[in-house]
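Asker: Residue numbers (our numbering), protein chains in the order written: chain R, 1 to 336; chain W, 1001 to 1336; chain G, 2001 to 2338; chain D, 3001 to 3338.
A portion of the hints provided could be inaccurate.
Unchecked claim - Examples of chain D residues toward chain W, derived with CB under 8 Å:
no.: 1; residue: His3115
no.: 2; residue: Pro3119
no.: 3; residue: Thr3200
no.: 4; residue: Val3202
It is worth saying that the hints were derived from the structure and are not from the lab. Cβ atoms here follow ideal geometry from the backbone N, Cα and C, with glycine treated the same way.
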Amino acid sequence: MNMQAKPTLRELSYAEAIREAMDIALSQDERVILMGEDIGVYGGAFQVTGDLVEKYGTDRVMDTPISELGGAGIAVGAALTGLRPIFEFQFSDFAALAMEQIVNQAAKVRYMLGGAVSVPLVMRFPAGSGTGAAAQHSQSLEAWLGHVPGLKVVQPSTPEDAKGLLLAALEDPDPVMIFEHKILYKMKGPVPEGYYTTPIGKAAIRRTGKDVSIIATSIMAQKAMTAAETLAGEGIDAEVIDLRTVRPMDRETVLASVRKTGRLLCVYEGVKTLGVGAEISAMVAESDAFDFLDAPIIRLGGAESPIPYNPELEKAVVPQVPDILDAARGLLKGRI
Amino acid sequence: MNMQAKPTLRELSYAEAIREAMDIALSQDERVILMGEDIGVYGGAFQVTGDLVEKYGTDRVMDTPISELGGAGIAVGAALTGLRPIFEFQFSDFAALAMEQIVNQAAKVRYMLGGAVSVPLVMRFPAGSGTGAAAQHSQSLEAWLGHVPGLKVVQPSTPEDAKGLLLAALEDPDPVMIFEHKILYKMKGPVPEGYYTTPIGKAAIRRTGKDVSIIATSIMAQKAMTAAETLAGEGIDAEVIDLRTVRPMDRETVLASVRKTGRLLCVYEGVKTLGVGAEISAMVAESDAFDFLDAPIIRLGGAESPIPYNPELEKAVVPQVPDILDAARGLLKGRI
Amino acid sequence: MPDTFKDGNVPYAVRAYSPEVLLAALKKMMLIRKFEEGAEDSYTRGLIHGTMHLSIGQEASAVGSCMSLTDEDKITSTHRGHGHCVAKGADLGKMFAEFFGKETGYCKGRGGSMHIADPAKGNLGANGIVGGGLPIAVGAALSAKRLGTGAVTVCFFGDGANNEGAFHEALNMAAVWKLPVVFVCENNKYGMSTSTERSTAVKNIADRSASYSMPGVTVDGNDFSAVAEAVDAAVERARSGEGPSLVENVTYRWRGHSKSDRNRYRTKEEIAEWMERDPIATMAAMLIDHKIIDQDGVAALEAETTQIIKDAITFASGSPDPDVSEATRDVYTQEAAA
Amino acid sequence: MPDTFKDGNVPYAVRAYSPEVLLAALKKMMLIRKFEEGAEDSYTRGLIHGTMHLSIGQEASAVGSCMSLTDEDKITSTHRGHGHCVAKGADLGKMFAEFFGKETGYCKGRGGSMHIADPAKGNLGANGIVGGGLPIAVGAALSAKRLGTGAVTVCFFGDGANNEGAFHEALNMAAVWKLPVVFVCENNKYGMSTSTERSTAVKNIADRSASYSMPGVTVDGNDFSAVAEAVDAAVERARSGEGPSLVENVTYRWRGHSKSDRNRYRTKEEIAEWMERDPIATMAAMLIDHKIIDQDGVAALEAETTQIIKDAITFASGSPDPDVSEATRDVYTQEAAA
Ligand SMILES: Cc1ncc(C[n+]2csc(CCOP(=O)(O)OP(=O)(O)O)c2C)c(N)n1
Ligand SMILES: Cc1ncc(C[n+]2csc(CCOP(=O)(O)OP(=O)(O)O)c2C)c(N)n1
Ligand SMILES: [Mg+2]
Ligand SMILES: [Mg+2]
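Extracted from the complex, chain R is given alone in its bound form:
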């Protein structure tokens, strides 16, 4: 995928890969700073920043008070005036406190000023359910920011992409919002050494197939791959596409797949209604690929409910591998 990737591969966790990206950025560019709650000596709530503060000091790895709106706004102001902040929300849910600075300021100031400025700001949002942290610490809110012109929104699903997309975000002159899935932080995978970027706006075809296109985001891309293996055993050849970027969406890759398979299944953890899958579906339904569709477009999204605490309930409200299997089988029922 990444043409610039060095050949040497090691296994790193998703969290380690992100940390490595930040380490590279901090060492290469004096303008880069990290801001967030407890990202210093604590190492971050999910140990993503780890010990970076020891290497770069508290001036560059800044613990903020618990002030999400102000913190985000300071990052916006800093980005406007020469720094390249990477701002960590401790949980993506707390972005609800900072929407004003993200949406009314960061996303719009370039446009409102007729292009006179830009806001090279990176924000990181640990998102998703699965940790038993209940309704206020488990949301997947990428659809909100995906709705906002001026922002770019990515959702890495592998350690390699987590590193590459963060470095790409830092190269980007405009605000890039990175939704990281908490459950992925400990997942290991091969990560190229050194500097490379993963392109923002490009989906990744994780598995080619001819029977059904499964477009999945974040951790659902992993679940879709698991499902695809099982489906293969049943004679269903699924194409799995990891969307990677919510905004701007990779129209071409998605449409090409649907033109080939004629069947589309969108899988995402966020609430189904008005979630990312709604956009994928609508994008396809209004394109020329519509004519290639052999079946309705199925969406598997989060339930129309807050995330519950009890672990079994928690699993029940977001798509799981068996749900993907059922949906794919249903889509192909006519054919088989």
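With chain R fixed as given, assemble chains W, G and D with the ligands onto it according to the hints.
Answerer: Below, chains W, G and D with the ligands without anything else, positioned relative to chain R:
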């Protein structure tokens, strides 16, 4: 539409209809209070509350300081403990400051507490472009709240519905978010006298037709009606459905229309990507109505841009009647 | 309250409350401690899926702040809310059941530790959002004032929360509208890993009360009597229509912030020092001093509370899990509107 | 600055600045007044599509607060930002062009009155969100400190904005990190229709500085010299690394909040009283008193500034509208990253 509606009709403006609803509620129910910035002696930025403060006093028509997060949270706390607040955001854009209380608290507390409480809260959001107020005062953010389980979200497009939906919202034990379009405030229309409610969750078929279903929200429902008249002259018989409620969406009415016409055009002012039309489209594409579709599902939404100041640019970034005409004609090109 | 009895050597609590009330308070403090220990133990034994924030060391603040509240009065609590919940009279079995994610829990297993609430007793709930309860408390006070219930709301929040914008907005509006609310800041020196010195540009958080023209006082939050004295006065002030106050209880959490804390931001010595100022031991000593209880009585209370916790855990463990098919129940109110 | 010259009868401004500088300041104040009058007139004549917030009566605050700033120093401004923009050295033609929605405007017609900015002169822009500029200003100060530019940021905001949570969060962090920023509150007594008495639970907004352990001072915002003295000192403090300050300029807006204000919340008498304390007349009188200018000179300045405004309006009116096909230009940066 409204079975309970009294026969006597007068022409009221949309703003007057809302005021009348609040007046009825204030006089009928001691628990009802109004909260918002400059809704007292100023009468509200759009003169919706008008002189209600003179009738009900500053204890029930409360000017808040400029503190959207705190104000919204106070309304949540008041709703939890016996009052029925109607909270006005001066512009819907400022909801970005209060998302935490709306989404993390109001929408979730009932569920998080296992049903032990409810939050009978009404919030009013003057939304939309057309006033030359530029990017931070012109957004249509209903899709954000439509994505949130626990909330109900409505968008009245007529004076009659503006009154009826507000009274329905007050009867509802759960939080109801009302997106009002600023440009509609001065629009006049027949409004039944006295008390009546317009059902939340029911779309309104404004015009029956057989060739194409135009599902529109808020002010776009008005524009769609204008377009439909022109289309009729061209031999295109459009069905116009005013969605009215974003959450919960009226699946049955929309699907029935699409089954009949086989063609779907969604028209909404919010940003196209991940806007309300994405959900309408996806809901149809995954339903049995999919089989009735004779053409791709077309969405006309706001441009992928903040709202500009210059009036001509401002018009250019949201759907206008000619855009609706073009889209409808395009959808029927094959047929004619 | 015996305002005339001005013996400086007799602590406020002993002057203000009957022996029964004082013993009940000590019992609650023990229950809190043991609830937290039971929670910790359950966590270690792998019975818990989520996280937890223990208030061991802060028991005097929770109990002392609720002394003059009735069930009509409200509290809003925080992520570190077990103690407030017990102080406001909650059932320990239902608390454990919630912690274990059971259908018999306060939230029917939907909320967990961070959302335990007990509306019947006036506890509007813990909150997962730091500072989230501040405006909600003011809203409850607004209801009380408009509806004329005479109820007061005590709003618990942490030193970390005092840097949220919600703090500023809530205190300002409470003061402008003279609402019956008492803001109780539990200053345990850290918001997660971040000390007040590194996060808060004022020495005493109570000093921020001046920005809202309300009384502000900083007290030893490990001294039950000092806490009760300050909060009782503030509650009385609120109840009599004079408006809000800010009370800062300086205290300390003995455990890490949550399950995953490596305590890198503070020293063992600091923790040990604070553990010597155990609020429960201090309270027991005061009651022994004033002959309200003796050592044997304390031991009996210890045994009694240990048994209560044991029973509560047994109840919770034996309770059924929620039915997975009902995962999306209670998002909306089912019953039609009145 | 002649710190040794301690003649109490000579105002700070006369001691601190050269006659040229003082005359330039008076000229800027006149330009602000006339810009606003021109804007109002254009509005009345139907040339303007949106809204506007005029700062007539507040000219001393805008100009006095920018006296010791260079183009490297930043300001953040508000919805009532025309004056700040002029004070920071903006081109009047480009300002009118923006107000008229023209391609030659500061924002190429995309922003309008509420978003005029002039980054080349250090003006990071007006803001449509009350309080929106407060954290942004702190961010600019953070950049200055980290990058060692020596620049100071002056953050303008209103009395209404002081009740936003952003105020609290921004001031706290600026103080914790000792950043070079000066918070200038333009207290014109009302946020829209809501008086500070009805919205703000403290007498002087500057008193809130105590919550952030920073100096706070309340000055007569219609007295150019008093404003300049307070802000200059705060800027010097910031520049020398001692951290932020809060300066409250008490002033008054002569016009309604925006185009649609019926002025129901204040009396004609109050407005008339404040109009007698015209900051421009006061400034001119001070300069005449100290023989820096005479009546003829003032008249000449009046004529000169009238002509500048006329020319600016002519430039703006004659400028092209943006190309509608480019409505979505500049949402993202076109050029590839470095
Ligand atoms: C808005 C928000 N920001 C951050 C967090 C994560 N968080 C949970 S508790 C906590 C520390 C809170 O500190 P404090 O208010 O002092 O309470 P304490 O934990 O010390 O009792 C943080 C940062 C959160 N839950 N909500
Ligand atoms: C967050 C937000 N809330 C409300 C408004 C609407 N509004 C615009 S200006 C204003 C009054 C601001 O008062 P103040 O800060 O005192 O400034 P002034 O207008 O007096 O100069 C209000 C309420 C807004 N633009 N942004
Ligand atoms: Mg703390
Ligand atoms: Mg003001």
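Asker: Let me make sure I understand: some of the numbered hints might not hold for this structure. Which ones are they, in numerical order?
Answerer: Per hint list: 2, 4 violated.
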